[in-house]
Amino acid sequence: MAEVSVSNFARAAALALAVTGASAAVAQSDPVQSYDSYQSWLVACDNTLRCVAKGFADASDGAEIRIERDAGGSGAVVATISSATVFAPSDIRIDGAPAGLTGAAWAYTRSEDGSSVTSSDLAAIHALVQKLRGAKRVTLGGIAEDDAAIPLAGFSAAMLRLDDRQGRIGGVTALLNRGSRPASVVPPAPPLPRIARHPVVARLDPGEEARLIALVRADQKALFAKEECQDTPQQPEAHALDGAQALVLIPCIMGAYQGSSLAFIAQRGSGRAQRLVAPMPYRGNDPDRADADYFTEGSFDPESGTLSMAARGRAHADCGVSASWIWDGRAFRLSEMALQQACGGIEPGDWPTLFRSEQ
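Just so you know, the sequence shown maps onto residues 1 to 359 in our numbering.
You may find that some hints are simply not true.
Below, simulated SDA-like cross-link-like pairs (lysine to any residue); rule was C-alpha separation at most 20 Å, straight line [unchecked claim]: (1) Lys221 <-> Gly269; (2) Lys221 <-> Asp231; (3) Lys131 <-> Asn177; (4) Lys221 <-> Glu209; (5) Lys221 <-> Asn177; (6) Lys226 <-> Asn177; (7) Lys131 <-> Val77; (8) Lys131 <-> Ser120; (9) Lys136 <-> Ser90; (10) Lys131 <-> Pro151; (11) Lys131 <-> Pro188; (12) Lys131 <-> Arg93; (13) Lys221 <-> Met254; (14) Lys131 <-> Ala88; (15) Lys131 <-> Lys221; (16) Lys226 <-> Gly154; (17) Lys131 <-> Glu68; (18) Lys136 <-> Ser120; (19) Lys131 <-> Ala107; (20) Lys136 <-> Ala107.
To be clear, the hints were calculated from the coordinates, so they are not data collected in a lab.
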């Protein structure tokens, strides 16, 4: 599975993420959410331990297998095998042998966008998992194998990680290695946090935006040189946060199809600024996970107090990262985050959710 690491989005996709010591963001320790990669498979769990495992060929938009599961002893599970082209359920083969996904537990869908088989039956999905463990690949017969082969390298590790994150190992609800532990001992889903929208009523005075942008450019001249910022067609922005502070976005990098800005919390009187490093915490086996100090396609909505960004790893958005933070009057708090480091899969922009909240 080809990956574009979070830190490597900086130049390849006009995004840079880095951890810095000084931050104008709220620190978030011990995150629940996680992202792990295992060869051709990824496993992502959000902050309520809703998890998704996805497998597909390197940088392919041909076919994928997706297994989603909610947390808790009775958490719903859905498995889908899908392709951008047409196949029949009887075409699905595991190492050349029929997969046997033609029973009532599997629903077949065909449209102009492709085809898929889906099940929400735990017994049927468990049976599929047992067939896939130890196998090498799934093919969709009748379609060129190179276009619709789903590799299974890393599949068992991904299933084990999913079961582990949800506390299912050794239990009757486990997908990979079942045991005798009852469903009642599986931990419930963590509560969804409430991060209320915070409309910003303060506004900049006439001429203040241009003044703040000029002051921040002067105050942070050394930083712009260190980051090798370029002249770009993007326009800088400044937005009041309250009577004393403002958010200032200064374009720094322009890629082939998107640009990135540095963000600052500036004092409206003096223009003295602190670089904004917004939290993007998650656990997992990704050594490059980090917070955001570049904001690709960054924008600020004063009506909700929300700062947002979205960075595509490739032009057609089959990998990337997006996030939103809400200003709470003191700092920007993470409210949404999605991430897919590996490029490929069926739907552009279909990146697993790592963090969500109620507003």
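* Going straight from one Cα to the other, do Lys226 and Gly154 come out at no more than 20 Å? -> 40 Å, violated
* Do the alpha carbons of Lys131 and Val77 lie within 20 Å of each other, as the hint requires? -> 17 Å, holds
* Given the hinted pair Lys221 and Glu209, is their alpha-carbon gap at most 20 Å? -> Judged against 20 Å, a Cα distance of about 18 Å means the pair holds.
* Asked: CA of Lys131 to CA of Ala88, is that 20 Å or under?
  -> Within the cut-off at roughly 19 Å; holds.
* Asked: Straight-line Cα separation of Lys136 and Ser120 no greater than 20 Å?
  -> Distance of about 24 Å is beyond 20 Å: violated.
* Between Lys131 and Ala107, does the CA-CA distance stay at or below 20 Å? -> 19 Å, holds
* To do: Please work out if Lys131 and Ser120 have their alpha carbons no farther apart than 20 Å.
  => 17 Å, holds
* To do: Quickly compare the C-alpha distance for Lys226 and Asn177 to 20 Å and report which way the hint goes.
  => Outside the cut-off at roughly 51 Å; violated.
* Asked: Keeping to a limit of 20 Å between CA atoms, is the pair of Lys136 and Ser90 held or broken?
  -> 19 Å, holds
* When you check the alpha-carbon spacing of Lys221 and Asp231, does it fall within 20 Å? -> This hinted pair holds, its Cα atoms lying about 14 Å apart.
* Asked: Straight-line Cα separation of Lys221 and Met254 no greater than 20 Å?
  -> 19 Å, holds
* **20 Å limit on alpha-carbon distance, applied to hinted pair Lys221 and Gly269** => At roughly 19 Å apart (the allowed maximum being 20 Å), Gly269 and Lys221 satisfy the hint.
Hint check: violations occur at hints 5, 6, 11, 15, 16, 18, 20; the rest are consistent with the structure.
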